[in-house]
Amino acid sequence: MAPLPVVELLQHQIASCEAQLRDLRQQLAEAQHLQHIRTQEQDRLRHTSTSGDPLTHDMTYGIHDEFRSEVFAALSQGEDVPLRAATKWPLEKNEYKRYGRQLIMPEIGLQGQLRLKNSSVLIIGVGGLGCPAAAYLVGAGVGTVGLVDGDVVEESNLHRQILHSTGKVGMTKVDSAKIFLSSLNPNVKIATHTARLSPESAITTLQPYDLVLDCTDTPASRYLISDTCVLLGKPLVSASALRTDGQLMVLNNPPLPAGDIRGGPCYRCVFPKPPPPESVVSCGDGGILGPVVGLMGVLQALEAIKVITKGPHTSDSSSPDPPSLLIFSAYASPMFRAIRLRSRRQKCAACSAQATVTAKALNSGSLDYVQFCGSISPVDMLGPNERISVDNYAKIRMEVNPFTGMEPSKDSHILIDVREKVQFELCNLEGSVNIPFSGVSSTPHSTSNDNESEPSWISDLRKHPDKPIFVVCRLGNDSQLSVRKLKEHNLDFGGNRFIGDIKGGLRAWRENIEPDFPEY
Amino acid sequence: MSEPKDVGDIGITVEFSGGLEMLFSNERKHKLSIPAKDSTGAPLNVGYLVTYLCENVMKDARKDLFVLDGTVRPGILVLINEADWELEGEETYEIQPGDNILFVSTLHGG
Ligand SMILES: [Zn+2]
Chain A
1 MAPLPVVELL
11 QHQIASCEAQ
21 LRDLRQQLAE
31 AQHLQHIRTQ
41 EQDRLRHTST
51 SGDPLTHDMT
61 YGIHDEFRSE
71 VFAALSQGED
81 VPLRAATKWP
91 LEKNEYKRYG
101 RQLIMPEIGL
111 QGQLRLKNSS
121 VLIIGVGGLG
131 CPAAAYLVGA
141 GVGTVGLVDG
151 DVVEESNLHR
161 QILHSTGKVG
171 MTKVDSAKIF
181 LSSLNPNVKI
191 ATHTARLSPE
201 SAITTLQPYD
211 LVLDCTDTPA
221 SRYLISDTCV
231 LLGKPLVSAS
241 ALRTDGQLMV
251 LNNPPLPAGD
261 IRGGPCYRCV
271 FPKPPPPESV
281 VSCGDGGILG
291 PVVGLMGVLQ
301 ALEAIKVITK
311 GPHTSDSSSP
321 DPPSLLIFSA
331 YASPMFRAIR
341 LRSRRQKCAA
351 CSAQATVTAK
361 ALNSGSLDYV
371 QFCGSISPVD
381 MLGPNERISV
391 DNYAKIRMEV
401 NPFTGMEPSK
411 DSHILIDVRE
421 KVQFELCNLE
431 GSVNIPFSGV
441 SSTPHSTSND
451 NESEPSWISD
461 LRKHPDKPIF
471 VVCRLGNDSQ
481 LSVRKLKEHN
491 LDFGGNRFIG
501 DIKGGLRAWR
511 ENIEPDFPEY
Chain B
1 MSEPKDVGDI
11 GITVEFSGGL
21 EMLFSNERKH
31 KLSIPAKDST
41 GAPLNVGYLV
51 TYLCENVMKD
61 ARKDLFVLDG
71 TVRPGILVLI
81 NEADWELEGE
91 ETYEIQPGDN
101 ILFVSTLHGG
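If you read the sequences in order, they're chains A and B.
Heads up, the first sequence is in UniProt numbering, so the first residue is 1 and it goes up one at a time.
Heads up, the second sequence is in UniProt numbering, so the first residue is 1 and it goes up one at a time.
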């Protein structure tokens with residue numbers, strides 16, 4: 001017997017709490033360890049400042065009484081400062097040790113470390129890019145790291161979003177990241193913004209920071225962040241990743257005012273028009289390999305460190321590297337290539353003298369980035385007689401057909417699963433045939449009756465004109481588009497055969513019929 | 001790749017990245033031999049190459065994921081010999097033998 005939903009739910013909750021508890025125990029152990037080290041350090045300081053201090057010995061035995069009061073007075077002036085070392089050395093004692101391996105590099109040195117310590121970086125998006133970027137920047141000793149994200153941790157994030165962990169599923173991403181980062185390096189101040197960046201909040205959120213990392217995943221947020229960086233004069237390190245590819249650009253560097261052609265190009269200079277929404281693929285739909293997005297995030301941290309340690313741009317000093325786009329392809333050879341980019345666009349809407357993107361327009365909310373980039377609304381293109389609910393489809397599979405009164409049989413109909421092959425192989429409904437959507441949509445609309453040139457999947461479907469066709473996909477969008485396509489190829493024989501889609505796809509099937517069907 | 005080798009053909013390399021390769025038989029790199037002159041007899045420029053690719057190399061029916069209003073769609077960078085085509089005169093750049101033309105679709109995931 002299948003377990004009752006409530007039993008399953010409780011088991012799941014217990015597992016989740018246990019994982020969270022393990023996580024907390026580990027954090028506690030780390031915190032106790034840290035406290036222990038600090039106590040030891042303080043003890044040692046107290047110890048050396050009394051008995052073992054040669055000065056104490058001299059004060060007691062070696063100094064003439066007449067001078068003693070003067071010496072005491074001179075020493076006591078310094079007592080306002082708790083640790084004398086702090087005034088003498090520009091970094092704290094622990095910082096020399098912690099950052100030693102990068103301090104001894106000529107690219108960083110003391111000056112570079114101080115620049116890092118005095119800098120603040122805003123990381124927008126604490127996902128596959130933001131997690132590794134934040135870890136390395138916090139590790140390197142950036143003074144303040146700000147985190148912006150409105151999402152909570154999901155299980156499907158964990159293969160790549162390395163700051164989050166199993167016990168933190170359901171926690172906000174910024175809280176989860178803060179816990180990790182504070183324990184990684186307590187010297188760094190972590191500022192959290194638990195919300196998605198909006199045009200109205202962009203300027204006030206970005207204002208306090210020296211440099212911005214775009215670790216987001218939509219065109220709309222990329223334009224918004226770039227525009228705000230131009231308005232505020234902040235350099236921007238932008239990266240993105242999908243499947244096995246990644247891209248990286250350092251934009252608005254140097255961050256000179258709009259109209260100054262010596263400034264670095266902005267996102268709008270490179271991409272003046274947004275891509276059509278149907279060409280935009282998310283990691284959830286296209287997939288993403290953890291190390292690919294991780295690599296791009298690490299490179300963002302690296303570019304940020306380079307910009308910060310180089311110091312403020314002065315017009316007479318050597319200008320930054322010419323703008324370039326770094327392209328990474330995990331399965332190409334070579335894996336990396338760098339492309340020279342254009343400079344600022346003369347008529348750029350954000351960074352030229354004719355800029356139309358202004359702080360006033362941004363603050364008032366009159367710039368609609370979501371509308372600018374467009375969006376795909378859920379597909380709703382079929383009539384009610386071309387669709388079937390998962391409940392009714394389940395009846396066709398398991399019970400008597402409500403339409404024909406026929407006994408259930410796998411052979412009574414054709415079930416087409418239009419997910420890509422690799423997804424189909426993960427899990428599928430018994431008896432379904434895989435005809436991937438990419439193949440369906442890329443087959444040209446046949447103009448002639450020349451059936452010989454048509455792909456085999458079409459001719460196969462013509463062989464059984466009596467069997468109704470049901471089309472299913474992951475969420476119920478591609479299935480509708482596929483039904484349209486099948487009818488364009490006249491596979492319904494002018495309306496004589498039923499072709500319809502299963503509403504809500506395999507997600508609805510799992511939610512309503514078969515809870516064990518894998519969710520991925 | 002098996003284009004007829006007419007007199008006046010030039011050999012170039014065309015590459016696709018950022019997912020565009022999926023529209024071109026899932027091949028990232030195409031070594032092509034293309035006519036040195038377009039249909040009007042003018043030297044072949046990048047603008048015409050885009051049309052040529054659409055008509056002769058792209059098997060996928062989803063042309064609008066590559067071309068929109070007669071030019072590459074927004075969100076695709078065209079790079080001529082490792083440089084943004086805007087540094088080279090965009091569509092008017094005349095293709096030279098041995099050129100490398102790279103089409104990159106911008107990515108948005110993160
Ligand atoms: Zn610009």
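Be aware that a few hints might be false.
[Said to hold, decoys possible] To give an idea of the interface, some chain B residues facing chain A are shown, with a C-beta separation under 8 Å as derived from the structure: (1) Ser17; (2) Gly18; (3) Gly19; (4) Leu32; (5) Val50; (6) Thr51; (7) Val57; (8) Asp60; (9) Ala61; (10) Leu65; (11) Val67; (12) Gly75; (13) Ile95; (14) Thr106; (15) Gly109; (16) Gly110.
[Said to hold, decoys possible] Every beta carbon over 10 Å from chain B, so not counted as near; a handful from chain A, in silico: (17) Arg101; (18) Asn185; (19) Glu278; (20) Val293; (21) Ala338; (22) Leu341; (23) Gln423; (24) Leu475.
Simulated from the structure, these hints should not be mistaken for lab results.
Just so it is clear, the structure is predicted and the values come from calculations on it, not from any experiment.
The C-beta atom is built at its ideal place from N, Cα and C for all residues, glycine as well.
Now for the hints, and whether the structure bears them out:
no. : hint   : verdict
1   : Ser17  : holds, 6 Å
2   : Gly18  : holds, 6 Å
3   : Gly19  : holds, 7 Å
4   : Leu32  : violated, 18 Å
5   : Val50  : violated, 16 Å
6   : Thr51  : violated, 17 Å
7   : Val57  : violated, 14 Å
8   : Asp60  : holds, 4 Å
9   : Ala61  : holds, 5 Å
10  : Leu65  : holds, 5 Å
11  : Val67  : violated, 11 Å
12  : Gly75  : holds, 3 Å
13  : Ile95  : violated, 18 Å
14  : Thr106 : holds, 6 Å
15  : Gly109 : holds, 4 Å
16  : Gly110 : holds, 4 Å
17  : Arg101 : holds, 29 Å
18  : Asn185 : holds, 23 Å
19  : Glu278 : violated, 7 Å
20  : Val293 : violated, 7 Å
21  : Ala338 : violated, 7 Å
22  : Leu341 : violated, 5 Å
23  : Gln423 : holds, 15 Å
24  : Leu475 : holds, 18 Å
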